[in-house]
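Visitor: So the chains spell out like this:
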Amino acid sequence: MANMAQAIRLALHYAEEHLGVTDVFGEDVGPPLGGVFTETQGLKTAWNSPLDERGIIGVAMGLAFAGQRPVAEIQFCDYIYNTIDLLKMAGNTCWSSNGDWNLPMVVKTPVGSGIRGSIYHSHSFDATATHLPGWKIVMPSTPLDAYGLMISACQDENPVMVLEPKALLRIKGEELIPGEPADDRALSRMIDAPLGDRSKWRPEWPALEPYAVPIGKARLVREGDALTVVSYGRTLPLCVRAAASLAEEGVRAEVIDLRSLWPYDWEAIRASVDKTGKVLFVNEDTEVTNFGEHLVRRTTEELFYRLEAPPRLLAGRFVPGIGLADSLEMASVPQLADVTEAMRRLAAERP
Amino acid sequence: MSDRGSSRPRPQLVRSETGGLPLDRELLVRMHELMVKARILEERLIQMYKAGHGYFWIGGPGEEAFNVALGLLMRKGQGLDFDYLHGHYRQSATLLALGEEPIGALRQMKNTATDPYSGGRNFAGHFSKRIWNIVPITSPIEVQYAIAPGTALAQKRHGGEGITIVTGGDAGTAEGDFATCLVWSSRPGNELPILIVVTNNQWGISTPASTQQGCAHIADRGKAFGMRTAVVDGNDPVASYQVLREAMAYVRTERRPFLLEAGVSRLYGHSSASGANLVRDEVDCIADYEAFLEKRGVLTRAAMNEVRERWTKQIGDMARQVRDEPMPAPESIWRNIYKEPS
Numbered sequence: 001m002a003n004m005a006q007a008i009r010l011a012l013h014y015a016e017e018h019l020g021v022t023d024v025f026g027e028d029v030g031p032p033l034g035g036v037f038t039e040t041q042g043l044k045t046a047w048n049s050p051l052d053e054r055g056i057i058g059v060a061m062g063l064a065f066a067g068q069r070p071v072a073e074i075q076f077c078d079y080i081y082n083t084i085d086l087l088k089m090a091g092n093t094c095w096s097s098n099g100d101w102n103l104p105m106v107v108k109t110p111v112g113s114g115i116r117g118s119i120y121h122s123h124s125f126d127a128t129a130t131h132l133p134g135w136k137i138v139m140p141s142t143p144l145d146a147y148g149l150m151i152s153a154c155q156d157e158n159p160v161m162v163l164e165p166k167a168l169l170r171i172k173g174e175e176l177i178p179g180e181p182a183d184d185r186a187l188s189r190m191i192d193a194p195l196g197d198r199s200k201w202r203p204e205w206p207a208l209e210p211y212a213v214p215i216g217k218a219r220l221v222r223e224g225d226a227l228t229v230v231s232y233g234r235t236l237p238l239c240v241r242a243a244a245s246l247a248e249e250g251v252r253a254e255v256i257d258l259r260s261l262w263p264y265d266w267e268a269i270r271a272s273v274d275k276t277g278k279v280l281f282v283n284e285d286t287e288v289t290n291f292g293e294h295l296v297r298r299t300t301e302e303l304f305y306r307l308e309a310p311p312r313l314l315a316g317r318f319v320p321g322i323g324l325a326d327s328l329e330m331a332s333v334p335q336l337a338d339v340t341e342a343m344r345r346l347a348a349e350r351p
Numbered sequence: 001m002s003d004r005g006s007s008r009p010r011p012q013l014v015r016s017e018t019g020g021l022p023l024d025r026e027l028l029v030r031m032h033e034l035m036v037k038a039r040i041l042e043e044r045l046i047q048m049y050k051a052g053h054g055y056f057w058i059g060g061p062g063e064e065a066f067n068v069a070l071g072l073l074m075r076k077g078q079g080l081d082f083d084y085l086h087g088h089y090r091q092s093a094t095l096l097a098l099g100e101e102p103i104g105a106l107r108q109m110k111n112t113a114t115d116p117y118s119g120g121r122n123f124a125g126h127f128s129k130r131i132w133n134i135v136p137i138t139s140p141i142e143v144q145y146a147i148a149p150g151t152a153l154a155q156k157r158h159g160g161e162g163i164t165i166v167t168g169g170d171a172g173t174a175e176g177d178f179a180t181c182l183v184w185s186s187r188p189g190n191e192l193p194i195l196i197v198v199t200n201n202q203w204g205i206s207t208p209a210s211t212q213q214g215c216a217h218i219a220d221r222g223k224a225f226g227m228r229t230a231v232v233d234g235n236d237p238v239a240s241y242q243v244l245r246e247a248m249a250y251v252r253t254e255r256r257p258f259l260l261e262a263g264v265s266r267l268y269g270h271s272s273a274s275g276a277n278l279v280r281d282e283v284d285c286i287a288d289y290e291a292f293l294e295k296r297g298v299l300t301r302a303a304m305n306e307v308r309e310r311w312t313k314q315i316g317d318m319a320r321q322v323r324d325e326p327m328p329a330p331e332s333i334w335r336n337i338y339k340e341p342s
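Quick note, the sequences are listed as chains X and C, same order.
Start counting the first sequence at 1; every next residue gets the next number (my numbering).
Start counting the second sequence at 1; every next residue gets the next number (my numbering).
By construction, these hints were calculated from the structure, which means they are not laboratory data.
From the three backbone atoms N, C-alpha and C, an ideal C-beta is built for every residue, glycine too.
Misleading hints may appear alongside valid ones.
[Said to hold, decoys possible] Which stretches of chain C does chain X cover? Using the computed rule of at least three CB atoms under 8 Å from a CB of chain X, they are: (1) 125-133; (2) 148-158; (3) 331-339.
Bound conformation, chain X alone:
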């Protein structure tokens, strides 16, 4: 099975062949490297930009103004912050011009912890991204969803941001991408660039099939009735593993992969909380003005009389960075033990 980096590459290949994507660009995105996470190797429209994040976002907007379909990469979301007013502008262009213009553009950027990336390669961006009206924000946790969400992003008429949990980029999926060869070694031989000289190398793309994950639709990953856990990105697989271990204790947790942060699938959350009466939101961005706080607020306001316990949020510590040492990273963002304990405690809570 493809890993998430390969899945994104396959989606971008599909998008440049079939969806009119004209440019996949950013720092080290084009040959020879094809992206620091290999996501853009062998793509025919991939090119290297100057080391200038404001230029990358600005040019993506300009390309979209000119009727192109750009996919721009910010190499790590830690470096997206100096583009924030351009992101705001991309999000408000349709509204500010009262519908005169729209910007079909995708910004992709790796996010989060998990590679011992220290202070400037571990940041999350979901809390900030969801403060940008006019954007659609997605964040996959599996290769197949990454493929399907990227295809939806490339079909959209509006700015879409794809947040890529970098801890999951190298994790192989459990489902085949439509058209992917069953043997993942065969896939690697076809689409992974060789080490060393790549000047003569060309990828051999599998015959991919259209597959889009609709933006705004969550995925019910595991059914249960004791509590609901809503997560996305790196922490989602932790929630699934925690649910599996709690099942052995007789606690059946329902796990929802939100996948889209904006717009998001409130109906999926509502239906699940209606059933379980308890909900834990899990993500790894810093916990103050965290997107999960919005979900807690809405749950409290709209589902209060269905609740059997306060809605809970497990998120990253509100500290200035994620330190390099293993002990520091573990203490800063939710780990498996933290998730398991939070779920166990919520399941045991009684009014």
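For this one, chain X is given, so just place chain C on it according to the hints.
Guide: Leaving out everything else, chain C in the frame of chain X:
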């Protein structure tokens, strides 16, 4: 093309070696009318602000000479074969020169539902017109310099003669986005068909440019990137037209960048926040141009007065029409967040 020797250059209008007119007589007359029309529009916008028919004014009195010439030379239309304009908020004269009706600016000033550029959402002078490749003008200074290379890149690939034009003020060139524009417009092997314009009024709100930037001319920064550059007296419509014609022809055919700095005036201050009162110690491009036209026998004083009176009446009538138009509906805040089905 002329370097500005002093800090407050006087227009140099007589350029013909034969003693004839420097530009076609009809063009000279047309430029005059558009400059006057733009000035009257801006003065009406200021009047609306002062009468309480708008919350804020910002605009372009003092940039008419350069901006009219720019608009007249643009290739107007939609798509890659036409010129893209990434403008700034002192650009009304360019829009009028392109053929825009002045009533739209009045509607935006009054923030009515009929405002064609933003539906009552944005300040005066924040134009947007997709069918003419006018991308939305925004308030942040200089962001347009980071965006413009994107349309130029698409036009480079497309070929043809469509170009990208980006304009901004001198103060904002201190922002990194101006450097972004220079870098992205001159990538080796991928030079872009972009005319980079800086209208230099020598002010950033209250701060004199001479106290903040050490370069002799902002245009000189282009030289380090191998760009052709020029400095022009932007208060001189004839010189502006001639320089723009040459620069735009170069960008159109050579598909390479050109950086043009135009010295202009700021005749009513930065915005209504500083009072929007007439500044008397800066060059008035219309007064100088009218003196030239009269002296050269192109237009009589009576004919020029007629132009002013005609547009004063017409734009006044438009302002009265706009006064009674409805505000946007409160629920309209939810419209056009995303592209809506057409």
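Visitor: Are at least 3 residues of the segment 148-158 of chain C within less than 8 Å of chain X when you compare beta carbons?
Guide: holds (count 8)
Visitor: Tell me whether the statement that chain X covers the segment 125-133 of chain C is true, taking a Cβ distance below 8 Å and needing three residues at minimum.
Guide: holds (count 4)
Visitor: Is the coverage entry for the segment 331-339 of chain C by chain X consistent with the three-residue Cβ rule at 8 Å?
Guide: holds (count 5)
In summary, this structure violates none of the numbered hints.
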